[in-house]
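Participant: Note that the protein sequences, when read in sequence, are chains A and B. Under numbering that gives the first Met the number 0, the letters of the first sequence match residues 0 to 111, in that order. Under numbering that gives the first Met the number 0, the letters of the second sequence match residues 0 to 476, in that order.
Hints were generated in silico from the structure; no laboratory data involved. This one's a predicted model, so the numbers in the text were calculated from it and none came from an experiment. For glycine and all other residues, C-beta sits at the position ideal for the given N, C-alpha and C. Keep in mind that the hints are not guaranteed to be accurate.
[As the list claims (entries may be wrong)] Calculated pairs, SDA-like style, for lysine to any residue (alpha carbon to alpha carbon, straight line, at most 20 Å):
| id | chain 1 | residue 1 | chain 2 | residue 2 |
| --- | --- | --- | --- | --- |
| 1 | B | Lys253 | A | Arg16 |
| 2 | B | Lys445 | B | Asp378 |
| 3 | B | Lys321 | A | Gly47 |
| 4 | B | Lys255 | A | Tyr50 |
| 5 | B | Lys253 | A | Glu49 |
| 6 | B | Lys321 | A | Thr42 |
| 7 | B | Lys255 | A | Arg51 |
| 8 | B | Lys321 | A | Tyr50 |
| 9 | B | Lys427 | B | Lys445 |
| 10 | A | Lys8 | A | Val92 |
| 11 | A | Lys89 | A | Asp14 |
| 12 | B | Lys97 | A | Tyr45 |
| 13 | B | Lys324 | A | Glu43 |
| 14 | B | Lys97 | B | Lys324 |
| 15 | B | Lys253 | B | Arg454 |
| 16 | B | Lys324 | A | Leu44 |
| 17 | B | Lys321 | A | His41 |
| 18 | A | Lys1 | A | Arg16 |
| 19 | B | Lys324 | A | His41 |
[Said to hold, decoys possible] Just some of the chain B residues that point at chain A, by a computed CB distance under 8 Å:
| id | residue |
| --- | --- |
| 20 | Pro258 |
| 21 | Ala261 |
| 22 | Pro263 |
| 23 | Pro264 |
| 24 | Asn266 |
| 25 | His322 |
| 26 | Ser326 |
| 27 | Leu328 |
| 28 | Ser332 |
| 29 | Ser368 |
| 30 | Thr369 |
| 31 | Arg373 |
| 32 | Asp382 |
Below are the chains, spelled out letter by letter.
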Amino acid sequence: MKLITAIIKPFKLDDVRQAVADIGVQGITVTEVQGFGRQRGHTELYRGAEYRVDFLPKTKIELAVDDSIAEQVVEAITNVARTGKIGDGKIFVIALEQAVRIRTGETGVEAV
Amino acid sequence: MKRPLATSRVLTYLWSVALIAFALIGPDLSLAQDAPAEPAAAEAAASVAEAPAAEEAAEAAPTLDTGDTAWMLTSTVLVLFMCIPGLALFYGGMVRSKNILSVLMQCFAVAGLMTVLWTIFGYSVAFDTTGMEAGSFGLNSIIGGFSKAFFSGLTTESLIGTIPESVFATFQMTFAIITPALIVGAFAERMKFSATLLFLGLWFTLCYVPMVHMVWSGDGALMWDWGVLDFAGGTVVHINAGIAGLVAALVLGKRKGYPGTAMPPHNLGLTLVGASILWIGWFGFNCGSALAAGQSAGMAMLVTQICTGTAALAWMTAEWIKHGKPSLLGIASGAIAGLVGITPACGTVGPMGALVIGALAGFLAFVFSTSIKRALGYDDSLDVFGVHGIAGIVGAILTGVFAFPAMGGVWEPGEGATIASQVWIQTKSVLFTIVYTGVLSFIILKIVDVVVGLRVSTDQEEEGLDLSLHDERGYNL
Chain A
0 MKLITAIIKP
10 FKLDDVRQAV
20 ADIGVQGITV
30 TEVQGFGRQR
40 GHTELYRGAE
50 YRVDFLPKTK
60 IELAVDDSIA
70 EQVVEAITNV
80 ARTGKIGDGK
90 IFVIALEQAV
100 RIRTGETGVE
110 AV
Chain B
0 MKRPLATSRV
10 LTYLWSVALI
20 AFALIGPDLS
30 LAQDAPAEPA
40 AAEAAASVAE
50 APAAEEAAEA
60 APTLDTGDTA
70 WMLTSTVLVL
80 FMCIPGLALF
90 YGGMVRSKNI
100 LSVLMQCFAV
110 AGLMTVLWTI
120 FGYSVAFDTT
130 GMEAGSFGLN
140 SIIGGFSKAF
150 FSGLTTESLI
160 GTIPESVFAT
170 FQMTFAIITP
180 ALIVGAFAER
190 MKFSATLLFL
200 GLWFTLCYVP
210 MVHMVWSGDG
220 ALMWDWGVLD
230 FAGGTVVHIN
240 AGIAGLVAAL
250 VLGKRKGYPG
260 TAMPPHNLGL
270 TLVGASILWI
280 GWFGFNCGSA
290 LAAGQSAGMA
300 MLVTQICTGT
310 AALAWMTAEW
320 IKHGKPSLLG
330 IASGAIAGLV
340 GITPACGTVG
350 PMGALVIGAL
360 AGFLAFVFST
370 SIKRALGYDD
380 SLDVFGVHGI
390 AGIVGAILTG
400 VFAFPAMGGV
410 WEPGEGATIA
420 SQVWIQTKSV
430 LFTIVYTGVL
440 SFIILKIVDV
450 VVGLRVSTDQ
460 EEEGLDLSLH
470 DERGYNL
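The whole structure should be built from the sequences, with the hints applied where relevant.
Facilitator: The following block contains the structure:
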């Protein structure tokens with residue numbers, strides 16, 4: 000199993016959800032996060048007072064998937080979340096040791 | 000728990016002193032003036048009303064006009080609506096989310112406090128005309144007596160011009176509410192609630208009410224006798240509040256972290272809702288100042304709209320050129336500057352004057368609220384001085400130019416009046432207001448600082464006034 004973490008532009012969330020659902024992913028976890036990468040921040044101006052905003056809002060999604068579809072999921076996220084402009088985000092993939100469905104006690108691939 | 004108790008004891012003490020002083024002075028003054036109530040009311044009707052329609056009506060025995068009364072009832076609620084929730088939201092959106100309730104609370108509490116003070120003595124000290132004589136200067140040129148305290152002598156039959164005195168008194172009460180509330184923006188996010196009430200209560204007593212008396216109470220009043228043109232309150236309301244705001248910002252000092260820390264407005268949507276309510280409510284403010292539903296109110300409506308739209312565009316354009324992008328906060332601020340600018344002018348200038356006043360008020364308020372404030376380094380949190388003070392001064396002085404028929408105005412100048420002479424009268428009144436309210440506001444703030452302390456503690460400021468002063472949060476999401 001793999002745990003895939005993707006940091007994407009917030010407005011791409013719905014497209015990404017649809018794309019991974021089409022592949023057969025059963026569930027994802029979404030968090031609103033802030034951070035900076037190469038896009039850096041931006042400035043805001045209120046009545047002449049200029050503020051530098053270093054951390055930009057992004058959306059983090061996490062999904063646990065079977066090894067067999069991991070690559071496909073990464074590809075799908077990359078395709079739909081891409082705008083080609085700086086700040087599209089990142090995807091991290093790490094090996095996942097165990098998963099448990101709390102309701103039934105099922106473990107492993109059955110549980111994701 | 001010790002400090003709040005001490006504060007309330009002090010407040011109670013001050014109230015008692017004020018009431019005792021009132022009890023001692025009140026009867027004295029009314030004895031000295033010893034004026035029968037009825038002629039006084041008629042006199043007031045003739046002098047208070049600025050509209051020609053009202054003056055004509057007063058020459059004959061005053062009779063009630065239901066149309067005028069209906070409009071003034073409407074105007075009164077429009078002006079109250081300007082303060083709650085208009086001004087409260089306009090300011091509330093501009094502070095940080097941890098302070099929104101403190102600002103809303105201050106505006107709402109002011110509405111209550113000024114209602115009570117206006118009832119006890121405000122109306123009387125503002126509009127009592129006993130002992131006043133055209134051209135003669137005395138104590139009563141500055142403040143009125145106490146003959147109308149607690150609305151004494153006001154009955155359902157009393158008339159001011161063509162409207163019931165009860166309506167006139169309530170209309171003026173709403174002005175007395177919004178003017179001190181305007182100052183709240185200057186010391187937002189750092190003043191104690193007790194200090195706010197004490198400061199604004201004293202400021203109402205020593206600055207607002209005397210200014211109303213000096214400008215609007217009729218023959219024998221200081222600035223009325225100078226011949227100042229101030230239809231709806233350029234000096235009385237906006238310069239008065241703007242200067243008090245500047246002084247308060249200076250005496251209190253900057254917010255912790257200003258200007259290094261980011262203090263962006265937390266909800267500009269609320270600010271725009273507030274600004275829009277102010278724009279709408281201002282028709283009650285300006286057109287209602289005609290005290291009649293007639294020609295004067297009609298022209299006031301037209302020029303108010305023209306000036307506001309122009310000033311909104313002026314601020315937006317200036318910002319667009321200087322910073323590269325037009326902003327919502329900018330255009331909303333410009334609209335308010337325009338409303339302020341036309342306030343003293345709206346009974347006398349025409350559409351062309353409104354365009355010029357709007358352009359200048361919007362542009363200069365932009366310059367003062369952005370560059371000049373930054374350069375001078377004072378922390379007028381929400382730009383009470385930059386918007387109300389500056390646009391008020393621009394409007395008050397330009398009224399002396401654009402009131403003249405030759406400049407498109409609708410005023411009928413008296414014999415020998417020239418643009419130069421009227422501009423001097425306007426300027427003199429502006430300078431007098433700046434000095435009078437500047438000095439008194441400073442003294443009041445120093446007294447309040449000694450009595451209850453002006454600022455919250457650093458910890459409280461850091462935590463936000465909503466939690467630290469009111470045990471509430473604006474957003475429980």
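Participant: Can you name, in rising order, the numbers of the hints this structure does not satisfy?
Facilitator: Violated hints (numbers, rising): 1, 9, 14 and 24; every other hint is consistent with the structure.
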